[in-house]
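Novice: Chain residues, written in single-letter form:
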Amino acid sequence: MDPFVTHIVIFVLAIFLGVELIQKVPSTLHTPLMSGSNAISGITLVGALICSFSPTFARFGVMLGFLAIIFATINVVGGYVVTNRMLRMFKSKGSRD
Amino acid sequence: MDPFVTHIVIFVLAIFLGVELIQKVPSTLHTPLMSGSNAISGITLVGALICSFSPTFARFGVMLGFLAIIFATINVVGGYVVTNRMLRMFKSKGSRD
Amino acid sequence: MLTFALTQTDWINLAYLLAAICFILGLKMLGKVKTAARGNAVSALGMLIAACVTFFVLNEGEGISLIWIFIAILIGATIGGWGALRVPMTDMPQMVGLLNGFGGMASMLVGIADYSLVASGTYESLPFNKTLAIGLTILIGGVTFTGSLVAFGKLAGLKITPTKPVQFAGGRALIAGLLVAGLLLAVLLIFKPHWGWLIAPMVLIALGLGIVLVIGIGGADMPVVISLLNSYSGIAASMAGFVLRNELLIITGALVGASGIILTRIMCKAMNRSLLNVLFGGVGGAVAPSAGGGAKGTHREASVEDVGIQLEAAGLVIIVPGYGMAVAQAQHAVAELARLLESRGITVKYAIHPVAGRMPGHMNVLLAEANVPYESMLDLDQANAELEQAGVALVIGANDVTNPAARHDKASPIYGMPILDVDKARSAIVIKRSMNTGFAGVENELYFLPNCAMLFGDAKAMAQALVTEMKTE
Amino acid sequence: MLTFALTQTDWINLAYLLAAICFILGLKMLGKVKTAARGNAVSALGMLIAACVTFFVLNEGEGISLIWIFIAILIGATIGGWGALRVPMTDMPQMVGLLNGFGGMASMLVGIADYSLVASGTYESLPFNKTLAIGLTILIGGVTFTGSLVAFGKLAGLKITPTKPVQFAGGRALIAGLLVAGLLLAVLLIFKPHWGWLIAPMVLIALGLGIVLVIGIGGADMPVVISLLNSYSGIAASMAGFVLRNELLIITGALVGASGIILTRIMCKAMNRSLLNVLFGGVGGAVAPSAGGGAKGTHREASVEDVGIQLEAAGLVIIVPGYGMAVAQAQHAVAELARLLESRGITVKYAIHPVAGRMPGHMNVLLAEANVPYESMLDLDQANAELEQAGVALVIGANDVTNPAARHDKASPIYGMPILDVDKARSAIVIKRSMNTGFAGVENELYFLPNCAMLFGDAKAMAQALVTEMKTE
Ligand SMILES: NC(=O)c1ccc[n+]([C@@H]2O[C@H](COP(=O)([O-])OP(=O)(O)OC[C@H]3O[C@@H](n4cnc5c(N)ncnc54)[C@H](OP(=O)(O)O)[C@@H]3O)[C@@H](O)[C@H]2O)c1
Ligand SMILES: NC(=O)c1ccc[n+]([C@@H]2O[C@H](COP(=O)([O-])OP(=O)(O)OC[C@H]3O[C@@H](n4cnc5c(N)ncnc54)[C@H](OP(=O)(O)O)[C@@H]3O)[C@@H](O)[C@H]2O)c1
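Chains as they are written, first to last, in the working numbering: chain A, 19 to 115; chain B, 19 to 115; chain C, 1057 to 1529; chain D, 1057 to 1529.
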């Protein structure tokens, strides 16, 4: 059975969830949140990995997968480090409530 | 392929969504909300319908399905009507913001 | 060439998705006053879509004929619709409890039916996740059914279900035992899917568990219990979805299950209780008349004439209704009194405590029934801001929600609950039948304050007496 | 007998679910100050799980060897990590833009790679949903890539990407044309899945579209644009999930896509703009020096000594930082000035407008870098409550966020934006280089008020001059 419709269901649920998750964010956090969720969108790394190791061997496709891994990893690693640096700034000083 | 794990995924997403949907409900709405979501849980009516019309004919199972339809329909129809009656009370008078 | 392959099943599933979206939007809208009525309609639309679409699934099967299905739906719709239209507003909580029980029963039956439908001798190959789901559907559905029935009975005042918490030696052990036994049977069914005889004891245990779980809880806590059981019935429907491999049931059941738990928590918080305390605290119910007020001081009694005079002299009267007004069905008489006062230029407002009465929104529903305009109902914060300016705070059948001990007496069981500051009004008048305590079973310090006077009697009778008194003046 | 059948794929999918849960919790936690740092860690954990688990999928394939994969990861991690550690705090927005572009590029490559991997002559049987997903992945990924690069260039001040909105005749028609052409090609691919040559023009159109979409938007609006493109890159990842039939990608991409749109809307609201106005309004950028202040009245200039004396006489000084402070990198000098004042018994607080600077939280990040304690940063409401008591409001490189016209001048482009009421302080001192306008390109009424004085010069130089002045006194 083609799981397409089930995947649509999953997609719709995740969209609704994404909309509900983010509400009333203090403006201080806008940029870290943007950067943090940008890191998450680097999940496409998983797709790049799968492509690079596809059972059907095709030189061109695998090379693209290889490139995709590099780009996605930059996004993931850079994204998390940058976000962490920003958030550490707020954290290191004083108390917060 | 057994869709079990996919169904678990769907279940988890819906749980998270359910948690996020309900937040800061004014106490006036507690009872209508309870009753309205009770009506929604009558969705088991769909399950009852499917059972009653299962391709495998088994007298006992189908009779149970028949009973299940009755119970579920009471829940669904009663639930929506009751909720609607409660909400109409608030609605009919004055303005609200 | 183009494999534009959406099968009929695909289309049905897309329609189911549409129904699920209706439920999501409906639930969200039900949480806001402005959109609640529309939200209920959206969710009902989803249910309609879901039911209609299912008939397309059916044309492949050959179970009982469509005629019988329609008859079943007709029976259910008639009973449900008739009951829902006939029930008085004040009986809403038990009605919701009853309906919820039926939903749980339906899920349980679906679980059993599906098991018995695999009768073609293929039990042995039942995958573990299907037997697991069948077991959970039966257990949760059964608990929901009897639990809701007991809650219904307690609220409706049936003899066999005393409103008092019925607690007996070994009660908790019994609960634990039943729970463990039920789960064991469910696990056994996974390993021995062909042992059909396991179903019967599983059903009995679930039904028994529902009874013992709820019978030990006080009648006044039933709204919270019903909310919790509502969450259970959602989970039961979700499990039935796992049994039938139906995504709509899984999603919708999970939505109700999760949002129900959140609502339950919100309701507990409003009463300043924990869910555990509600479930196992054995609090509340028809509290036995306590020793009276002597212990704390003396109270002052007022006559109907006294009260009439005081009301007429007040610029602002704030009415504080409580459970007693509901019991006495006094809302219409109270509203009439208010209109009479207003016609004499006195401002009248109502202070609605979130947990006054026995269900959330109880007072709002009653007063709305008596045509009290929405604008004159103050919530807790608004009321406390205005109470200090009030000439008279007229407490009608409310007790715990006005007890100043909640503010300062750490030993009091209601310590920490936000209350209506009736004691800060110029004078307070309390209408109730005696010095008996309310739901929490504690003395009310208010009654012994110098600015408080008691008017003893049934809430409805007293409100009517005040109306007559003012008219004849 | 017991078909306890969880395949390896099932376990992998359960692990993927765990990763998705980490992302959900992480996103939620990132929205609250208290939990934001932990939220980022939770989400990083999810990514680690996802990546590790994927290697189990791989042992079935026979693509490029694991070694090459590890090399690719190493290259990416080195570049990403090195860049992220090296970039100065003030360049964060462009860094995020760049990273986001890479994510979009990766998704686009995944789409192309998957298409070219079906090279075994089975194109004809590609189901429509797969070709559809491939087309959308390429289009959205491509737009994200070049759009983010242009945004990066504008923020980094690269020559080829002028910060001014570059608008030309037929610009919108070009956008519409490219969009339609791209979608047509995607539809064509559905019907002719074996027409591999369609991919190349699709890629080119997507890349072109990204450029023309963003080049017409002013440099100062880039944070909003990046937030929007971040949402796009989520959708692109989700589409790649449809291509690969991977639930984790679908879920995670959709989460980012949806939350990104919400965040974008929140950011637009804080600037009192609509998203459409940001995308097509052509507002902002390096605003050409306007006619100067003559039109509105005369301003008063102050010397460093004047200002020093005023500051020392004030009981409470509120510093209002803006974009100019960021440009001049004056935060350390400002913080030093504040500490100096505090050592003389003067209370110093910072009033942070939500859209001061060029990215949300810009000022918070800069001041935190200069070790300003979190407690002395006031948000808009707190600041406006305290500004009336302030002896001196010291505006450093801020302009629009202090313009009283936003409160009353309906003709002003910033009308309706909540502002810091600097004009209500006893006296206001503004440090900037000239009478030039700020981001919105409008005159600031504040400068012509009698209680306002200008101190012209670079923000950093002036802050240092004030420090020297006060030390030498
Ligand atoms: N709203 C909810 O969702 C909910 C749910 C569960 C529990 N509760 C609890 O219920 C309590 C509600 O507080 P409350 O102040 O509304 O009620 P209460 O504290 O229970 O007091 C009600 C009072 O009404 C009097 N009364 C009873 N019948 C009457 C009649 N016919 N005429 C006149 N008076 C009559 C009783 O005194 P006499 O016997 O002297 O007449 C009693 O003291 C709180 O403790 C709350 O936590 C609320
Ligand atoms: N925060 C965000 O997310 C965001 C995003 C997009 C747009 N915006 C917009 O950006 C604006 C932000 O307001 P703002 O008050 O912070 O900034 P602004 O209105 O743009 O004004 C900045 C001022 O700083 C001065 N300046 C520039 N370089 C300087 C230097 N080296 N030393 C001293 N002064 C210098 C400039 O005047 P001189 O040239 O005379 O020195 C200019 O008037 C708002 O309109 C907002 O809507 C914000």
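Honestly, I wouldn't trust all of these hints.
To be verified - Pairs of lysine-lysine residues, derived as DSS-like cross-links and limited to a Cα-Cα distance of at most 27 Å, are as follows:
no., chain 1, residue 1, chain 2, residue 2
1, C, Lys1088, D, Lys1088
2, D, Lys1480, C, Lys1325
3, D, Lys1325, C, Lys1088
4, C, Lys1325, A, Lys42
5, B, Lys42, D, Lys1325
6, A, Lys42, B, Lys42
7, C, Lys1325, C, Lys1220
8, D, Lys1405, D, Lys1527
9, D, Lys1325, C, Lys1325
10, A, Lys42, D, Lys1325
11, A, Lys42, C, Lys1088
12, C, Lys1466, C, Lys1480
13, D, Lys1090, D, Lys1405
14, C, Lys1325, C, Lys1405
15, D, Lys1405, D, Lys1325
16, D, Lys1090, D, Lys1466
17, D, Lys1480, D, Lys1466
Claimed, not checked - Okay, the calculated bits of chain D under chain A, using three or more residues with CB under 8 Å as the criterion:
no., segment
18, 1127-1135
19, 1289-1298
Hint data in this document are derived by calculation from the structure and do not stem from the laboratory. Everything numeric in this text was worked out from a predicted model, so none of it was measured. Virtual Cβ for every residue (Gly too), placed ideally from N, Cα, C.
Novice: Going straight from one Cα to the other, do lysine 1405 of chain D and lysine 1527 of chain D come out at no more than 27 Å?
Specialist: holds, 21 Å
Novice: Taking only the CA atoms, is the gap from lysine 1325 of chain D to lysine 1088 of chain C under or equal to 27 Å?
Specialist: holds, 22 Å
Novice: Is the Cα-Cα distance between lysine 1480 of chain D and lysine 1466 of chain D 27 Å or less?
Specialist: holds, 20 Å
Novice: Please work out if lysine 1480 of chain D and lysine 1325 of chain C have their alpha carbons no farther apart than 27 Å.
Specialist: violated, 43 Å
Novice: Is the hinted pair lysine 1090 of chain D and lysine 1466 of chain D satisfied, with a Cα-Cα distance of at most 27 Å?
Specialist: violated, 39 Å
Novice: Against the 27 Å threshold, does the CA-CA distance of lysine 1088 of chain C and lysine 1088 of chain D hold or violate the hint?
Specialist: It holds: about 24 Å lies between the C-alpha atoms, which stays within 27 Å.
Novice: Would you check the hint for lysine 1325 of chain C and lysine 1405 of chain C, treating anything up to 27 Å between C-alpha atoms as holding?
Specialist: Holds, at about 26 Å.
Novice: What's the verdict on lysine 42 of chain A and lysine 42 of chain B, does the C-alpha distance respect the 27 Å limit or exceed it?
Specialist: Status holds; Cα separation ~14 Å.
Novice: Examine the segment 1289-1298 of chain D: at least three residues should have C-beta closer than 8 Å to a C-beta of chain A.
Specialist: With 8 residues close enough to chain A, the hint holds.
Novice: Is the straight-line distance between the alpha-carbon of lysine 1325 of chain D and that of lysine 1325 of chain C 27 Å or less?
Specialist: violated, 33 Å
Novice: Does lysine 1325 of chain C pair with lysine 1220 of chain C here, judged by a C-alpha cut-off of 27 Å?
Specialist: OK: lysine 1325 of chain C and lysine 1220 of chain C at ~22 Å, within 27 Å.
Novice: Regarding the pair lysine 42 of chain B and lysine 1325 of chain D, is the alpha-carbon distance no greater than 27 Å?
Specialist: Given pair lysine 42 of chain B, lysine 1325 of chain D holds - Cα atoms ~23 Å apart, limit 27 Å.
In summary, the structure is inconsistent with hints 2, 9, 16 from the numbered list given earlier, while agreeing with the others.
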